[in-house]
Amino acid sequence: MFPLSLLKTAQGHPMLVELKNGETYNGHLVNCDTWMNIHLREVFCTSNDGDRFWYMPKCYIRGNTIKYLRLPPSLGRGRARGREEAEEGLEEAGVETEGQEEDEEV
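When you line the sequence shown up against full-length UniProt numbering, it's residues 1 to 106, in that order.
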């Protein structure tokens, strides 16, 4: 999955953002744009030395200051799991999927 599409699916979910200067921001993703500028809500900011903490109702982070992002692990597997569940439902209904036809021919 591409980074921007992953961020789009992460909207509304909690995430951690670490900046190049060492500060971290924990909040819920509201939106992101094509330059990976991020808008968070309900944000807890931690200073780079870890001694100070701030709460902000909303925050805007410029994309070129981001070192890395941490998203919930369930986001990366969401589409694949959904596809598998859909195929299982089709099989139970008696509908053949493309994968079944190939397995029967072999």
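Keep in mind that the hints were calculated from the coordinates and are not lab data. Where a beta carbon is used, it is the ideal one built from N, C-alpha and C, also for glycine. Errors might be hidden in some of the hints.
Claimed, not checked - No farther apart than 30 Å at their CA atoms in a straight line, the calculated lysine-lysine pairs in the DSBU-like style are these:
| no. | residue 1 | residue 2 |
| --- | --- | --- |
| 1 | Lys8 | Lys67 |
| 2 | Lys8 | Lys58 |
| 3 | Lys20 | Lys8 |
| 4 | Lys58 | Lys20 |
| 5 | Lys67 | Lys20 |
Stated by the list, open to error - Computed spacing ranges between beta-carbons, pair by pair:
| no. | residue 1 | residue 2 | range |
| --- | --- | --- | --- |
| 6 | Asp51 | Ser5 | 14 to 24 Å |
| 7 | Asp51 | Lys8 | 29 to 39 Å |
| 8 | Asp51 | Ser74 | 13 to 23 Å |
Here is how each hint holds up against the structure:
no.	hint	verdict
1	Lys8 x Lys67	holds, 19 Å
2	Lys8 x Lys58	holds, 18 Å
3	Lys20 x Lys8	holds, 22 Å
4	Lys58 x Lys20	holds, 20 Å
5	Lys67 x Lys20	holds, 5 Å
6	Asp51 x Ser5: 14 to 24 Å	violated, 37 Å
7	Asp51 x Lys8: 29 to 39 Å	holds, 35 Å
8	Asp51 x Ser74: 13 to 23 Å	violated, 32 Å
Hint compliance for this structure: hints 6 and 8 are broken, all remaining hints hold.
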